[in-house]
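Trainee: Below are the chains, spelled out letter by letter.
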Amino acid sequence: MSFPLLTATAALPALGAVATAAVPAARRTAAKWLALLVSLATLALAVTVLVRFDPDGTRYQLTESHSWIKDFGVRYELGVDGIAVALIALTAVLIPFIILAGWHDADPLETGNRRWRPTQGFFALILAVEAMVIISFEATDVFLFYIFFEAMLIPMYFLIGGFGDRAHEHGEETAATQRSYAAVKFLLYNLVGGLLMLAAVIGLYVVAGNFSLQQIAEARASGSLHMATSTERWLFLGFFFAFAVKAPLWPLHTWLPNAMQESTAPVAVLITAVVDKVGTFAMLRFCLQLFPEASKWATPVILVLALISIVYGALLAVGQRDIKRLVAYASISHFGFIVMGIFAMTSQGQSGATLYMVNHGISTAALMLVAGFLISRRGSRLIADYGGVQKVAPVLAGTFLIGGLATLSLPGLAPFVSEFLVLVGTFTRYPVIGVIATFGIVLAALYVLVLYQRTMTGPVKPEVSAMPDLRVRELVVVAPLIVLLIFLGVYPKPVTDIVNPAVRQTMSDVHKTDPKPEVEAAK
Amino acid sequence: MENLIAPLIAAPLLGAAVLLVGGRRLDRVGHWIGTLLSTASFVFGLILFADLLGKGAEHRTLTQHLWTWIPVGGFQADVTFRLDQLSMTFVLLITGVGSLIHLYSVGYMEHDERRRRFFGYLNLFLAAMLLLVLADNYLLLYVGWEGVGLASYLLIGFWQHKPSAATAAKKAFLVNRVGDMGLSIAIMLMFTTFGSFAFGPVLSHTGDASEGKLTAIGLMLLLAACGKSAQVPLQSWLGDAMEGPTPVSALIHAATMVTAGVYLIVRSGAVFNAAPDAQLAVTVVGAVTLLFGAIVGCAKDDIKKALAGSTMSQIGYMVLAAGLGPIGYVFAIMHLVTHGFFKAGLFLGAGSVMHGMNDEVDMRRYGGLRKYMPVTFITFGLGYLAIIGFPGLSGFFSKDKIIEAAFAKGGTEGWILGGAALLGAAITAFYMTRVMLMTFFGEERWRNQPTRSPGAPSAEPAAETHGEHAEPHPHESPKVMTIPMIVLAVGSVFGGAFFSIGDRFLHWLEPVTGHSEGDSPLSAAAVTGATMVCLVIGVAIAWAQYGRKPVPAVAPRGSLLTRAARRDLLQDDFNHVVLVRGGEHLTRSLVYVDHTLVDGVVNGTAAGFGGLSGRLRRLQNGFARSYAVSMFGGAALLVAATLLMRAV
Amino acid sequence: MSAAAVHSLWTTAAEPISKIDAPKIEYGQLSPTLIVVGAALIGVLIEAFVPRRSRYYAQVFLSAVALCAAFAAVVALAADGFGTTKAHIAAMGAIAVDGPALFLQGTILLAGLVGLFTFAERRLDPAAHGNRVDSFAAQAASVPGSDSEQAAVKAGFTTTEVFPLLLFAIGGMLIFPAANDLLTLFVALEVLSLPLYLLCALARRKRLMSQEAAVKYFLLGAFASAFTLFGIALLYGYAGSVSYARIAEVVDGTVTNVDPALANTMGNDALLLIGGAMLAMGLLFKVGAVPFHMWTPDVYQGAPTPVTGFMAAATKVAAFGALLRLLYVVLPGLRWDWRPVMWAVAIITMLGGAIVAITQTDIKRLLAYSSIAHAGFILAGVIATSKDGVSSVLFYLAGYSFVTIGAFAVVTLVRDAGGEATHLSKWAGLGRRSPLVAAVFAVFLLAFAGIPLTSGFAGKFAVFKAAADGGAVPLVVIGVISSAIAAFFYIRVIVLMFFSEPKPDGPTVAVPSPMTMLAIGMGVAVTLVLGVAPQYFLDLASQAGVFVR
Amino acid sequence: MNPVNYLYLAALLFTIGATGVLIRRNAIVLFMCVELMLNACNLAFVTFSRMHGNLDGQIIAFFTMVVAAAEVVVGLAIIVSLFRTRHSASVDDASLMKL
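Residue numbers (the UniProt record's numbering), protein chains in the order written: chain A, 1 to 523; chain B, 1 to 648; chain C, 1 to 549; chain D, 1 to 99.
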């Protein structure tokens, strides 16, 4: 029995959350530092996971397995494959930046009330989310995964509804109502998805008799566990629906713009960059492994939905007047790419999708956090309220531009690699869809550049004329992200090396192989 | 020796990094750092050139593998550079002209407080452009391809506080993106066809692939080329790109970047050779563009826009040549190089004129400048002679060859293309003469016109710095600006001759592009003669219009064609109406749909339950007896149902 | 029936009664009930003889001790194996001592204990004339607002009768799920109901509503029990006996020694079906299933909140226990007749409860409707008719009862000038004023909503799993949907507490005595333990999942 | 005569009682109707007892009476207190809580 590394990686932030919440009201800064340190320690653990993980080893590594709820056939089973490792690393990397970026987001307005401790709560909740996200990446027991997949909603819900942008064009009262609307919407959407998944989870148990991903997958592969076609499809739909809501896939996406618009930038990043990844990750791990046939059966529809998400999201992003909403719709478009890559069922597509999850996390973080800094300065989310910022705050503008360029996946920056892989992967099997999806890159350029032009260029608006440039803390947040973007854009090999074997496994689960190129086929 | 390729790119890249990250503390030395590093890269280029010359014609290909970039399944992308005669030519052109223009900019941007940043962008551009021409596979080329796009975006919009500049920059990037879409699709096609997208495998296996696939690839590559090289129908951005500082127009939008499309086509020659339909398309695009550009060039009063039109048309020539296949490749490149010299020279000249004229760009407010800025006049004049193809100057050789090749294509196509090329030559002569006359001859229309009339377009904000309300005092530019002009002028005078005497250039490039003499229906002499005739006609008409009678300070209404040409032959209006307006409507309606339909369904469901709840709770009316009724009814139902169950 | 037979019957009856062998009662095995009832009787005596000042303490002490002792007895019995191997029927076939019975009795006793704590709370209301007051009327007989009431309050009267009443009710509840013949069932039903009727009427504040609640509860309860009784009568007519075992035999047709006299009525299925339905209706009334639920919101709202909490928790447990026994022991042979009906009831209960709750504005009514919805979920498990079904229901009930009492205990804390501030609008911004209380309540709400890591989720999962195993997949799907609907209004409350601005005239949160704290604390503890590590309790429940017959 | 008729009578009484509960307003009358229902049950019990020829039914009847008595005690207490506060025994007046 070796040291339970995975458990530790998830438990540390959880304990950190408790500790942070327990910090007395007056010691606000202490809470912040505590949270930051915990997240950094978690990052260290995640790195050890990364190091201990052997890409060419068995499929699931660092596994842990304990009996938990015997009656439900539930075991506490953890294990990571390449995909999970990559995403755990992403999570652990992003959280410190999120905390640092949100340093002042939760400073209480009225300091009179001794019992009201928003700051502690804010950072505790962030850590709680981190813990739950990490463990759901690690879980190889469907039930265990489901529990945290659902439980994660609660802290997210409080983060969205409890903390919003300070200055709001319509005043605090309406801001509060809009926030709670967004929070409720988020929760209900995901809860409905989750509950339908619950039905499917129960169904799976009735069919399979246990929840162990590996056992079921093996049983399926060996044919010892037979599922009626209709059963498999229903179960698949139950699972997929929940993940599609989380992802979010058109037409289940409308909660995301509200949630991202109303929450503070760091929380918005937490939503898109971290939490939503669980959805796409789960498609890759659970849908494809547990229900390979049904996945193939559903592929055409899903691909079309993904395609719609791509184009639709991009077009709506162009039409937005609110910076955060714009980024939200951009993310919807990007999630379309991810889903498309997963269900293209080619190694390029799926490696690309995984890589995309990582890169999208980083790029969105960069763009959104800088946007957050911008908004915190002017106190408005409306694009129209800005103009000429580039002249007064060149560094801010520059970082914003880089974030934008990453979002439109400029070659040389990380997202390009993943996006191109997804496109190629799709194109090799579904040329038409691939080509249509390629329009996405033009639209992406459109919304990013329009956003940049309207906010950063042109004559300086009086309201922004006194805008200070990025502060040191903010630079510390943004610079590493940009470095990461460039590094992964130039040298993504470290990630692909980890991911590829896992993808190969998944491909074999669904009995698919990459189509041969014409020339070889001819020979 | 090949290890020198990476530094070639690294030098300007380093420059860009240092200058952009370095911050204000580098303001005073920034421009020199930039110039130095671009020159360094030029030196590396020369060394490599010497090395290549030392080798046998067949062994003049160096490759340098740096690292594996994207390895996923069959998809293997490496960061590998390939230096052969073709890329060598470009390297020298880019770094050479690039360095000169760096030097020029030192003087030109003197009064701009963001000069450091400008040089950073310039270096970034050089790096990207070098990556483009040195890449050994299409994906890496794509990186450079978009890199130059980015640089051009940044440089066009360099004066970001001017909305026009910002818009122009955005437009350029977007239109280029459309082209990039073509390139990425082409790469995907290559991957599905050849299982690779490196030059080696793709270009050597074109024989095994179906012609349909190859045609598709070719057309997609053409689309890419159209975007980058401002060919019809994606040419609209080039004119607006003149919003950028003049050195940018000279380097990026005349000499180097816009010729990337030609490079792409020539590089992919093997594909096109195997796909005649694609080739035909290329030639058509070329021919159309060369006329289109020329016509636009005739109508513009903005000197830079006029030159932009001419650039468009000259690149049209190159594309046309490239479309002709092995007959044309070499000459396409040759014209590209010579064009690089004289067009850069012309732009620098234009810049110098504006520099002396309070950044006035409207040629109708020039006139008689030859005695105020002699150096500019002479260099500009030489460039002018070169571009119209005056015998003996570089343009003469390169363009003449293209026209020959066009005829050599044979059949009706040959005649049409050749005819177009000839016509183009005539128009070129016309509009260039027009520019020349309006700028340097005639009476001095800039006198007693203290302020710029609002209608006239304004390019340079530097105007704000030195007195715009004073009457302009034309003066020669400083040495740092004139020297590059002189060098380029020399190039544009002797370049063509140097290349063509003994077909030096042909032999140099042939191993890469291959070459074949087509059978021209006309003899070389006949073509040359015809060209000369066209030239004379063009010049004559121009002289008749702008030389003999004075040029009106305000543009006359002009013929329908003229007015159309002033508006880029209405192509922008088309874009605006169809794409912009249409797009806006589409997005607006989609936003509506998303809010009312998609979101409405969700909220509607919630509201529905709420209403149902409100109706149901009325049953709870507070009267104990009504509760009893429901119980009684329930009991009755229960009993009935149970009995029923038994009955059925 | 022939006259001769009748005559003989009379004559045998008329004979001098020589010797009836005294019934054999296993006092040990009935000890839990006996202890509680005995304590109740002593409580009455206390009311009679102990001076007023010290009654309260005496009563509280006595009840606490009695409940603990009874619980200890239950544990002892269970440990002795009466839950599993030694399970049998005691008291001449009147009372079953088996797994479900013991498990439910244990749950009821704990719930009762926690309920007792909330009954005994005296710190919440401001002290009237220098003596602490609980949430019960000073003198139930005095007219609200009258001088006599004033006087009673001034004199510091307190209705300490509530404690014996509570004990009586608990006693009835203990018998209810253990009853093994219909007569015992009926008596237990009344024994548990009558005290509750009274308790409902005893609120200190809002007495009109309290009395109204009592009247409604009483009239409807009596109405329902009349149906129950008639059902019993019909069953008796059907089987010629009220003992479960006997009836089951008749239903299964495996009846032995039929005396010819019965031949013509016995086995008349009409009697059986109608009787069964009416009996079931009585029980469904107690569990608050649609359409017999309508008393629930009014009574829950009007009754004193501690009573409501206790009632909502314990009564449900007892009633479901009885229902389980009825359906599993008496009418299993009839499964194919009552299952579809129960399906329908379960579905409309789940949906009805959840949907109507959406628009509620009073926290107590809200919880009432939620309890209705939960009754629906539990019914889904009842229908499974499998061992898993039983144990899942037992588990669910255990978890649910603590959440409920805890939730209502929290409600007692939120007060303003008019006593408890039960209107939802008053709860706005509670999370700002006292995050702890709000957080605790949020935990209960999340448990109600069945969010993972709470007992609510574990229970819901168990029940749905059993149902799905039993082939009731559509039921599961509907259950899932209705819990999504239910989630909506639980969340609404959370939103109100945390995300809306506190009102200036908002309520204050009273600082309770350790007793209420203990009640709430136990609620939270059980909720989380059953959510995170339910295995032990699931084992317990599944061991206890077998009825003796 | 055939004891089954007593059953019909019992059912009739029960129904009358139930109907009374549904239609009458006065709490006392309501309550009496409930009592009627209980007694209908009693009748059924003794009848069945008679038909089955065992004494269980009759015993139960006694139990029922006791229970009914207990109900009366509790019920009247509640109803009276309600009457004293509202000065009306109509159950429909007591409808503060609704919806």
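Hints are computed from structural coordinates only; laboratory data are not their basis. We treat Cβ as the ideally placed atom computed from N, Cα and C, and that holds for glycine. Each hint should be verified, as a subset may be incorrect.
Stated by the list, open to error - Below 25 Å or equal to it, Euclidean Cα-Cα: the simulated DMTMM-like pairs (lysine to aspartate or glutamate) are:
id, chain 1, residue 1, chain 2, residue 2
1, D, LYS98, C, ASP362
2, A, LYS70, C, ASP505
3, A, LYS516, B, ASP208
4, A, LYS391, A, ASP469
5, A, LYS516, B, GLU211
6, D, LYS98, C, ASP416
7, A, LYS391, B, ASP27
8, C, LYS86, A, ASP107
9, C, LYS86, C, GLU26
10, A, LYS391, B, ASP208
11, A, LYS70, C, ASP125
12, C, LYS503, A, ASP107
13, C, LYS206, D, ASP92
14, B, LYS162, A, ASP71
15, C, LYS206, C, ASP125
16, A, LYS493, B, GLU584
17, A, LYS461, B, GLU211
18, C, LYS387, C, ASP80
19, C, LYS19, D, ASP56
20, C, LYS426, A, ASP469
21, C, LYS24, D, ASP92
22, C, LYS503, A, ASP385
23, C, LYS503, C, ASP80
24, A, LYS391, B, GLU113
25, B, LYS213, A, ASP107
26, C, LYS206, D, ASP56
27, B, LYS162, A, ASP385
28, B, LYS162, B, GLU443
Stated by the list, open to error - Covered stretches of chain A (in silico footprint by chain B; criterion: 3 or more residues with CB under 8 Å from a CB of chain B, positions within the stretch not fixed):
id, stretch
29, 310 to 323
30, 447 to 459
Trainee: Now, for every hint given, state plainly whether the structure supports it.
Mentor: Each hint, compared with the structure:
1. D/LYS98 with C/ASP362: 11 Å, holds
2. A/LYS70 with C/ASP505: Distance ~51 Å between A/LYS70 and C/ASP505 Cα, so the pair is violated.
3. A/LYS516 with B/ASP208: Measuring from Cα to Cα gives roughly 14 Å; hence the hint holds.
4. A/LYS391 with A/ASP469: 10 Å, holds
5. A/LYS516 with B/GLU211: 18 Å, holds
6. D/LYS98 with C/ASP416: 22 Å, holds
7. A/LYS391 with B/ASP27: 16 Å, holds
8. C/LYS86 with A/ASP107: 63 Å, violated
9. C/LYS86 with C/GLU26: OK: C/LYS86 and C/GLU26 at ~13 Å, within 25 Å.
10. A/LYS391 with B/ASP208: 55 Å, violated
11. A/LYS70 with C/ASP125: 47 Å, violated
12. C/LYS503 with A/ASP107: 22 Å, holds
13. C/LYS206 with D/ASP92: 19 Å, holds
14. B/LYS162 with A/ASP71: Distance ~71 Å between B/LYS162 and A/ASP71 Cα, so the pair is violated.
15. C/LYS206 with C/ASP125: Holds, at roughly 13 Å.
16. A/LYS493 with B/GLU584: Measuring from Cα to Cα gives roughly 40 Å; hence the hint is violated.
17. A/LYS461 with B/GLU211: With Cα atoms ~56 Å apart, A/LYS461 and B/GLU211 exceed 25 Å; violated.
18. C/LYS387 with C/ASP80: Satisfied, since the Cα-Cα distance of roughly 22 Å is no more than 25 Å.
19. C/LYS19 with D/ASP56: 19 Å, holds
20. C/LYS426 with A/ASP469: 45 Å, violated
21. C/LYS24 with D/ASP92: Outside the cut-off at roughly 50 Å; violated.
22. C/LYS503 with A/ASP385: Cα-Cα ~33 Å, so violated.
23. C/LYS503 with C/ASP80: 56 Å, violated
24. A/LYS391 with B/GLU113: Holds, at about 12 Å.
25. B/LYS213 with A/ASP107: The hint is violated at about 61 Å.
26. C/LYS206 with D/ASP56: 46 Å, violated
27. B/LYS162 with A/ASP385: Answer holds: B/LYS162 to A/ASP385 is near 18 Å, not above 25 Å.
28. B/LYS162 with B/GLU443: 33 Å, violated
29. 310 to 323: holds (count 6)
30. 447 to 459: holds (count 7)
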